[in-house]
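Using the sequences plus the hints, can you model the full thing?
Counted the way our numbering counts, the sequence shown spans residues 1 to 111.
Hint data in this document are derived by calculation from the structure and do not stem from the laboratory. Don't take every hint at face value.
As the list claims (entries may be wrong) - What follows is a list of derived Cβ distance ranges for each label pair: (1) Glu110 x Phe89: 29 to 35 angstroms; (2) Gln59 x Tyr9: 28 to 34 angstroms; (3) Leu58 x Glu110: 28 to 34 angstroms; (4) Phe5 x Gln83: 17 to 23 angstroms; (5) Ala62 x Lys41: 38 to 44 angstroms; (6) Gln108 x Ala62: 16 to 22 angstroms.
Heads up, the beta-carbon is just placed ideally off N, CA and C, and yes, glycines get one too.
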Amino acid sequence: MKQLFDETYSENRTLWYAYFKNLEQADLLETITQVIQNDLKDANDVLATSWIFYREELQKDALEEEVRSSIMVRLVDGQYHVQYNMSDFEFVTQREAIANWLQRLKEQLEQ
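If you want it as structure tokens, here you go:
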């Protein structure tokens with residue numbers, strides 16, 4: 001994945017990455033875990049770090065507006081928080097699968 005931005009404000013750091021194909025991408029869990037572990041090596045004096053991973057494909061919602069899904073991970077106080085921003089179509093058709101994938105990601109990060 002290509003890093004787009006890395007910004008640190010006070011003790012908060014945010015990193016943006018592009019692009020992942022979809023959650024079925026074979027190596028996505030491992031890739032995201034590796035990216036996060038590598039980024040944490042440079043996290044001196046940072047209290048919270050957030051990662052945003054953008055999906056390659058743009059989708060359209062019911063209003064025909066473009067939506068780019070993203071995986072978001074935040075590490076604060078030793079706790080990982082994970083979220084997936086999705087289109088309404090993904091919510092209707094894949095919400096449970098996405099929730100399961102996010103749980104697997106969180107478990108892998110906490111190892």
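*Any hints this thing doesn't respect? Which numbers, in order?*
Violated: hint 6 alone.
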